[in-house]
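Peer 1: Sequence:
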Amino acid sequence: MSSAAEDYLSSLKDKAEEEEEQDLNDQREQASEFDDEHQDHAMEGMNEEQQEDQDDDFYGTSSTLTEEEKIRILREQMGEEYVLDDDASTKNQQKKQHFTQEEIRNLTDTKNLFQSPLFRFSFAEVLKKASLNWKKCTKIEDALRSLKEILDSISQYKVQHLDEIYSSRFIEISEKTRKMACNAPQSIAIVGSYLLRSIAKPYKNIDVAVTMPKGFITSKDFGKIYFEKRACYLCAIAEHLKKNEIFSQLEIVPFRGDYWKPIIVSNVKIGKSFFKIRILPSITNDIFAKNLKPESIVQYHRIAEDQYFHKHLEMLHNEMKDCPVLVETAVLLRVWARNRNIYQSDDSLNGFLLSMLVLYLLSQKKINKTMSSFQMIKLLMNWIVKSNEQVSKGLSFSPKPVDPVFVKSFNVALIDKEGDFNIFHRVSQNAWNELKSEAKLTLAQMKDETSVKSVELLFLTKHTFWHKFDAILKVSVPTSFKNDDEVSTNARIASILSTAFEGRVKYLRVVGNDEHKVFVGLVFTKNWLEPLTKGPSPHNKEKTEDFKSFWGKKAFMKDFSDGSLSICTEWQVSDNECSVKAIEQIANYVLKKHLDKTVECSVSTSYVYSMLNLSKVESQEANAAMREAFEKLESIIMDTDINLTPENICVISPEFYEVAITTPKPTNPLLTVLQFRSNAKWPDNFEALDKLKQLIYLKYNEVLKLKTIPTRRWIDIVCNGFTFRVVLFVSKEINLIKRSGQALNPNVHELEKTLNILPLHCKYSGIFKNTFKEYAETVRLAKAWVNTHFMSDYLEDSVVELLCMHVFTDVYSPYKAPKTAICGFFRFLSLLSSHSWFDTPLFVNTSVGDADVENIQREFSRRSEEYEKLDAKPSMYIVASYNLDYVWTKKNPPAIIVHRMVQLAKNTEIELNEYILSRVEEASSKLPSLFTSTDMDGYDLILTLKSEQEMRNNNTSSLPTGFNPFDLFYRDLKERFSRFGLFFKDVQNTTITFAINPNVWQPQPASITHTWCMKPLSSDKKNNSSGGNRSSNSFNKLQFNAEQFILEMEQLGKGIIHSIKANEQSSLVPYLEKNLSRTGTGTTTNIIMSSSLTTSLTEKQQPTSTSVHKRKFAKESRRTNGGEKSDDDDASSGTDVDVVSHQPKSENIKSTNNKKKPKLK
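So for the sequence shown, the working numbering puts the first residue at 1; every next one is plus one.
No lab work stands behind these hints: they were computed from the structure.
Possibly wrong hints are sitting among the right ones.
Claimed, not checked - Pairs of lysine-lysine residues, derived as PhoX-like cross-links and limited to a Cα-Cα distance of at most 25 Å, are as follows:
#: 1; residue 1: Lys366; residue 2: Lys242
#: 2; residue 1: Lys681; residue 2: Lys665
#: 3; residue 1: Lys699; residue 2: Lys681
#: 4; residue 1: Lys681; residue 2: Lys738
#: 5; residue 1: Lys242; residue 2: Lys179
#: 6; residue 1: Lys581; residue 2: Lys769
Kindly generate the complete structure, drawing on both the sequences and the hints.
Peer 2: Structure, rendered in structure tokens:
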């Protein structure tokens, strides 16, 4: 095979001649098409006998063509899979005899291997789309032929423009080496996936091994001089290729991150596509002798891999030439690994190494050539997961035991047949751990072979670097740092951090082409929060000295409770810092000590509490006090005898489970549900039951020694400064209400949710908080984001919590459960922006631990079928596994809010990516702004509310417990003015925003029920609508009365509204000015100049967007008593209505400024 590879380019000339001859034949065939058409017309007029004679003339006599050859010709011309014979008795026999081997294999696979034909079809389609159409790749051979001619023309050439094409980051070439004359290569051979036909789209790489001329490298060059000569010869090739227009777009890059081994990469355009030709200098295998000494084995492998290109190609070709399934497996593995970003790091397994791993399993008879590609991949993944013992001992194609020197010198070893070369010598332990982790996830996704979703997860889902890792460590290396070591900076960072994070991370991956700014992805273990790093026992002096040498002054001896003594390091974070801050401290310390003193590190999750504007200490203290108060109340309730036995009492407020964005306050009542044990004596009449509940409230008011405030619907009990609003729950109450004819009453739905559903939901929320340490902070970030964009009223707390639960337990997720809040928040945004809400239900698995996932998924599938039968589907359909009959989002949010939510999530993902890619010193100031402010350009009116202190006019008395005038005002606004637009409010009760419906400006038919804030159509509009003639119909029209709308809003919010602001482009600006000039005193009114962003509220379509507008603010003119309006308040009254009907494509979020404004449709 190696000789065939070497002669491949030499044979291109002969192949070109064959192509010319083929073109001549094609021209002859085209010239004879006219005669063929006349022959076809003549055939139509023939009788059967004449046609049979004509067929005999076409096929020839039986002595020249066999029956099988005739059938083959017919199949080629007719496009049929087999030929139907006139004799029905021989029809089945014909089919069986003439099925191809591929047809038989596909039929067998569908029957025996796949549980669903649709799954088999999807799998085949993925393979078809990933495979290259080799019939269209013939033109690339012209470029390869030119490449061979250019390389053959090199003769006694010395490098002249080294500084122009060769970066200083690569190995330095001495003056003596530069003066060496370079000649034509000894041989040129195509190696790799191009010859094996295992290229996977969209990447089209062609590896060309260029063997350096004889005598250029000698046996005395072992070591640094070899790398210098290799680099010098590569520069000579580059200078020659630069002169040719085809290869002018080339660059010199490191080979797998090794700056001592540069290669040439040239992007060659063929038609509309690009091929990437990689030129790899190589040597013959008779120059250097085998060197497996521990001190030089690593350097030997870096040199020896240049002489194994042909040998490895031959190994792969010998197995793949008669087994197309192996080629298919290699293609699919490339797609699988690329989608999981396994290729991003230099020390990972690439497509070639994965193919060699498949060959190893084939040699060990773990797989065989009769299997399908799907089965091979499944067995490969299973072997990777269970291969710990084998990998620790080393893998080998040879039956001989693996030399221990390979196991000691390398993290992973796969030895070739001769036993003197480790094919996996560049693979790190982190890379192998990553492969194992991804293989385990892949096996879980392969279990469901009846759903096309599995194929999508396996081969079509692109994993995002920011979503995959629990934390992203940004490392900034100053430009003054110079790495003179053979090992690259990325490899040194990976090695240092792997030692430092041992026991804290499962694996880490270093990515980034810029050596002065790299990103380290961290996947944490369960014990990553432990402050102590435990080292060896002092009795092991060698390991103890290594530990002290690595940690320096941070190492100290510690006695443990079990009597053992170990050397340790300890890392503490302040009370107000996030737990992951310890990871940042460790990284900064070890990199400054072992890499460079000026290195700066920052973890992307260090500022969770600053994002939420919360104090960690105050929050924890308040939660502890609240739980203590509830435990006391629970004990009192359970011990109080009122002739009824309490069965359960639980708090259903999010503050109690630490998933609220506000710190719990004593004045805010905590909703609590009290349930008594079932009793047949409970009345069956709803009114009687209601009276009995009121008596129980009064009874508790009498017997409890705590401060209580009973009402008809609940009783407020103050315990340790916290107010618990206790509501009684009787199991038969809901059924009694429905029997009384009020089943359709919306208050019944709300009561059922409060008494029956929310306690169950809060129970599971508490389980999640205890099971997943970062669940609470993830929910807080999600709720803070929802509140920032004024959507808390439309996306209630419980729904946000369910979305976050789905992030942690989704069986179809391509990732494991997140272990940091920022990672969970990333995936929350991804769920919002990528899920197809309008036609796909979301089923949330709320079970953790040893739950029967298969039964839950089976029930989800059944419910999904019921969803498809619904005539009117809600905008969002979210159901939890603890109660599959209850739809959380049946009426809320509306379609327009879902559109807006999707686009805002996409915009936030872009901003988060920009934050992560920003410089370390800028990180702490950019991210919190995403959760504390929002762009107001999307609203027409902004109502700023007074604070509670301002409302009380500096009176020391506080508002009644549970009384919230802001919520009441907001509810009244929605009830009275909802048909004119949408209202939004934040949780902190500081702002209410309004977006007008542009349709309200259209004349409406007069109706008694629609006269609120309406007035008769003005005469100028009547004339315009009737062309100057007054029509009787025009008197029956009403138009929107904006002045009355604003006046009614001001009057309704008197004492609550602090100021009203409007955007410059809003159509409400002139009416707001008129109201200001008319009243003279009253509410302070400010007009802000910014862009209007309003569209039709009635259209239901996919999220739309417009270009990003900069926020422009004019001088605010605040009114005082007796003051006058400023001239700066003049603004245009035109309405800016943009309607965009396209839907933004869902694509991977990149660091680009392509944010889109969400339209209110």
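Peer 1: The structure should be examined with respect to each hint, and the outcome stated for every one.
Peer 2: Evaluation of the provided hints:
| no. | hint | result |
| --- | --- | --- |
| 1 | Lys366 - Lys242 | violated (48 Å) |
| 2 | Lys681 - Lys665 | violated (39 Å) |
| 3 | Lys699 - Lys681 | holds (18 Å) |
| 4 | Lys681 - Lys738 | holds (20 Å) |
| 5 | Lys242 - Lys179 | holds (20 Å) |
| 6 | Lys581 - Lys769 | holds (21 Å) |
Hint compliance for this structure: hints 1, 2 are broken, all remaining hints hold.
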